[in-house]
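First to last, the sequence lines map onto chains H and L.
Be aware that the first sequence starts at 1, since it is given in our numbering, and climbs by one per residue.
Be aware that the second sequence starts at 1, since it is given in our numbering, and climbs by one per residue.
The set of hints was computed from the structure by calculation and includes no laboratory data.
Check the hints yourself; a few may be wrong.
Claimed, not checked - Partial list, derived from the structure: chain H residues whose beta carbon lies under 10 Å from chain L: (1) Asn40; (2) Asp44; (3) Leu46; (4) Trp62; (5) Ile102; (6) Val105; (7) Glu113.
Unchecked claim - Just some of the chain L residues that point at chain H, by a computed CB distance under 8 Å: (8) Pro63; (9) Asp94; (10) Asn142; (11) Ser145; (12) Ser242.
Since the structure is predicted, the reported quantities are computational estimates derived from the model, not experimental observations.
C-beta: ideal position from N, C-alpha, C; glycine also.
Residues per chain, in single letters:
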Amino acid sequence: MNEASDSEVKEVCLVDDDPSVLKSMHYLLASEGFKVRPFNKAEDFLAHAGKNHVPVVVTDIWMDGVTGLEVLARLCAISPRTKVIVITAREDLAARATAMAIGPVAFFMKPFEDEKFIAAVRDALNRV
Amino acid sequence: MRGRCLRDEHGNLLETIGVTLDVSAQKQAALQVQVQREEMAHRNRVALMGEMTASFAHELNQPLTAIANSASAARRFLQHGNIDLTLLQQLLQDMVADSHRAGEVMRGIRSLVRKETSEHAVLNLNSVITDTVRLVSSDILNRESVVTTELDPHLPQVQAALVQIQQVLLNLIVNALDAVEQLPAAERRIVISTRSDKEDVAEVMVRDFGIGLPKDRPEKVFDHFFSTKQKGMGMGLPIVRSIIEAHGGTITAENAPDRGARMVVRLPAARGQAQKSKAAA
Chain H
1 MNEASDSEVK
11 EVCLVDDDPS
21 VLKSMHYLLA
31 SEGFKVRPFN
41 KAEDFLAHAG
51 KNHVPVVVTD
61 IWMDGVTGLE
71 VLARLCAISP
81 RTKVIVITAR
91 EDLAARATAM
101 AIGPVAFFMK
111 PFEDEKFIAA
121 VRDALNRV
Chain L
1 MRGRCLRDEH
11 GNLLETIGVT
21 LDVSAQKQAA
31 LQVQVQREEM
41 AHRNRVALMG
51 EMTASFAHEL
61 NQPLTAIANS
71 ASAARRFLQH
81 GNIDLTLLQQ
91 LLQDMVADSH
101 RAGEVMRGIR
111 SLVRKETSEH
121 AVLNLNSVIT
131 DTVRLVSSDI
141 LNRESVVTTE
151 LDPHLPQVQA
161 ALVQIQQVLL
171 NLIVNALDAV
181 EQLPAAERRI
191 VISTRSDKED
201 VAEVMVRDFG
211 IGLPKDRPEK
221 VFDHFFSTKQ
231 KGMGMGLPIV
241 RSIIEAHGGT
251 ITAENAPDRG
261 ARMVVRLPAA
271 RGQAQKSKAA
281 A
């Protein structure tokens, strides 16, 4: 059995408009015992975050409609204590600089190393 | 070679007169022009690929990420001893599907950089437009622009070379993105529409809301080496026009009444498609 710790019963939100990536990240975190809530639209996630406590969110940057950068900016207002992990499938220094200025706890290029990703999620939950 | 026979009143052959013209030089010249045209078109495709590298990398990274995550999830479930066979099967199926998706992206890239592109097939232009926009969606997002499509479901199919039509669309989309680049993000709009007002013609229009075309003569954009871009070679649109004309079609450039440019491509419907389109309507 996987090691369940206090951090792993808290919910991790996932936001990605690519259904395959979203599903595979869901399984990856579930395989380590994390409780996961996936969203394929940033708007739906923001609506959820406006009404519920979200300890940690993993969000893509380049999405149709509301982008990950907008998610970061809006979270500052509606849920400033949420820890954010950013993932992206493209090298974009400007987007990376903007994201880091808003202040995510980690930044990953897709495809990412599973060990480091899971460690970052666990670390973010422990910091809540 | 041409010739004729002179005969008497009984039909007996009197003499034969003939002329032989050597046209190999003309044939050779025509072939050379064709080779040069294909060479220029290939260079244009390679240049487009360079501009769109970020989109292609993005399109490839997505399925690769999904494969890596699914494999890692399966390994971890197995390590922890808590996987059921249905879930394992699902993860493996997902990996196969994502591998195929990555393969499709690679095939698309390979076909675009291939030199030989003249293979014709019956194409649904609406599908080609949707696929091409998807291919460059990452660049569109990165430029904070929006591309919308208004596709006529009764558009007749056309007989055309897929890669060449994709090349036409990529050129027109890149030009439109460049044209709106200086506008505020909220105004960077491009509309790609199709229609078939005449049943034997499929029409594609790429419309931007940018600075527009030269007012004195919009058609100038099809001249070789004419460009309004700082880094433009002025080769994209002449190549686009040569491709469309080689398909028996036309392309026109005009300023929209309010603002921006409209590029309108008209291609003849494939044989038998015009009637089908009429019946469907």
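Evaluation of the provided hints:
1. Asn40: Hint on H:Asn40: violated, closest Cβ of chain L at ~13 Å, above 10 Å.
2. Asp44: Violated: closest Cβ of chain L sits about 19 Å from H:Asp44, beyond 10 Å.
3. Leu46: At 18 Å from the nearest chain L Cβ, H:Leu46 fails the 10 Å test, so the hint is violated.
4. Trp62: 5 Å, holds
5. Ile102: 17 Å, violated
6. Val105: 20 Å, violated
7. Glu113: The hint holds - H:Glu113 has a Cβ within 10 Å of chain L, the shortest such distance being about 9 Å.
8. Pro63: The hint holds - L:Pro63 has a Cβ within 8 Å of chain H, the shortest such distance being about 6 Å.
9. Asp94: 7 Å, holds
10. Asn142: 7 Å, holds
11. Ser145: 12 Å, violated
12. Ser242: With a closest approach of 33 Å, the L:Ser242 hint is violated.
When the structure is compared with the earlier hints, violations turn up for hints 1, 2, 3, 5, 6, 11, 12 and for no others.
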